[in-house]
Amino acid sequence: MRVGLLGDIHGNVVALAAVLDAAKREAVETLCVTGDFVGYYYDTSQVIRMLEEWRVYAVRGNHENILFDVLKNPDSAAVCRRKYGSGIDRAIEDLGPAELAFLSELPASLKVEIEDKVFLIAHGTPWDTDFYLYPDADEELWRRVASYDADYIVLGHTHYQSKRSMQGKLIVNPGSVGQPRDRKPGAAWAILESETGEIEFRRETYDIATVTAQAKIYDPDLSYLWTVLTRR
2 MRVGLLGDIH
12 GNVVALAAVL
22 DAAKREAVET
32 LCVTGDFVGY
42 YYDTSQVIRM
52 LEEWRVYAVR
62 GNHENILFDV
72 LKNPDSAAVC
82 RRKYGSGIDR
92 AIEDLGPAEL
102 AFLSELPASL
112 KVEIEDKVFL
122 IAHGTPWDTD
132 FYLYPDADEE
142 LWRRVASYDA
152 DYIVLGHTHY
162 QSKRSMQGKL
172 IVNPGSVGQP
182 RDRKPGAAWA
192 ILESETGEIE
202 FRRETYDIAT
212 VTAQAKIYDP
222 DLSYLWTVLT
232 RR
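If you're matching positions, the sequence shown starts at 2 in the numbering used here and goes up one per residue.
Derived from the structure by calculation, the hints contain no laboratory data.
Note that the coordinates shown come from a computational prediction; the quantities given were computed from them, not determined experimentally.
Idealized CB from N, CA, C, for every residue including glycine.
Each hint should be verified, as a subset may be incorrect.
[What the hints assert, rightly or not] In silico BS3-like pairs for lysine-lysine, Cα to Cα no more than 30 angstroms straight-line:
id	residue 1	residue 2
1	LYS217	LYS84
2	LYS73	LYS217
3	LYS185	LYS217
4	LYS73	LYS84
[Stated by the list, open to error] Computed beta-carbon distance windows for the label pairs:
id	residue 1	residue 2	range
5	THR197	ASN74	20 to 26 angstroms
6	GLN47	THR206	17 to 23 angstroms
7	TYR133	ARG3	26 to 32 angstroms
8	ALA28	MET51	15 to 21 angstroms
9	ASP152	ALA79	42 to 48 angstroms
10	THR231	ARG26	21 to 27 angstroms
11	GLY169	LYS84	38 to 44 angstroms
12	ALA79	ASP131	19 to 25 angstroms
Take the sequences, apply the hints, and build the full model.
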């Protein structure tokens with residue numbers, strides 16, 4: 002089975018649409034999503050609705066945690082806005098009860114069986130949603146990840162694509178759909194052949210100008226939100 006691996010969508014529905022169009026063309030049947038549906042950009046409600054058409058196994062990311070922290074403590078919204086922009090504000094305005102329930106019920110990690118292969122999905126690492134496991138992380142950290150019982154371990158959070166085979170496991174980070182940070186513009190994701198373990202990293206082009214225009218309207222003082230999408 003061809004399984005789509007993706008995450009760190011961050012409300013960027015234009016990027017997600019390009020990924021899902023490519024997934025359909027590539028006969029992808031199932032999606033594993035590593036969290037961060039929300040944050041930075043502005044169309045989380047549309048992101049969730051778009052994914053409803055798919056068989057999705059998903060976990061929560063640190064930005065889902067931020068969303069619910071702001072809902073519990075509105076005084077923290079200003080700090081969040083200064084650091085990340087107004088994506089959380091827009092999400093709170095737009096998300097309905099069912100969509101909020103979907104996000105709130107996402108587990109921190111999830112183990113599923115797909116075609117007789119065990120997938121472990123998490124955001125940062127299986128032990129910490131907010132831990133950054135970069136491609137150049139110490140071998141000890143990679144061994145700790147590989148100690149978990151799964152054939153494939155799918156992680157996000159860094160916004161960098163990476164893979165590592167260790168102890169008979171394949172550890173994959175498909176990169177970020179909504180905001181790549183590796184100076185390679187486009188919507189990053191990956192396709193995994195569940196039977197063979199063959200991995201194909203993908204990067205789809207999309208209309209970055211549309212997202213840039215939104216960011217300049219909603220967060221004119223936070224230029225990072227648009228420069229990160231095109232830097233090389």
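Here is what the structure says about each hint:
Using a Cα cut-off of 30 angstroms, the hinted pair LYS217 and LYS84 holds, with the two alpha carbons roughly 15 angstroms apart. A distance of roughly 28 angstroms separates the Cα atoms of LYS73 and LYS217; the hinted pair therefore holds under the 30 angstroms criterion. A C-alpha spacing of about 21 angstroms is found between LYS185 and LYS217, which places the hinted pair at or below 30 angstroms, so the restraint holds. At roughly 18 angstroms between alpha-carbon atoms, LYS73 and LYS84 fall within 30 angstroms of each other, so this suggested pair holds.
Hint check: THR197 to ASN74, Cβ distance near 47 angstroms, so the stated range 20 to 26 angstroms is violated. Distance hint check: the CB atoms of GLN47 and THR206 are about 20 angstroms apart, consistent with the given range 17 to 23 angstroms. Checked against the hint of 26 to 32 angstroms, the pair TYR133 and ARG3 passes, with Cβ atoms roughly 28 angstroms apart. For the pair ALA28 and MET51, the supplied restraint of 15 to 21 angstroms holds, since their beta-carbon distance comes to about 18 angstroms.
One distance hint, 42 to 48 angstroms for the beta-carbon pair ASP152 and ALA79, holds here, with the actual separation near 44 angstroms. For the hinted restraint 21 to 27 angstroms between THR231 and ARG26, the CB-CB distance of approximately 25 angstroms keeps it satisfied. For the pair GLY169 and LYS84, the supplied restraint of 38 to 44 angstroms holds, since their beta-carbon distance comes to about 40 angstroms. In this structure the supplied range 19 to 25 angstroms holds for ALA79 paired with ASP131, their Cβ-Cβ distance being about 21 angstroms.
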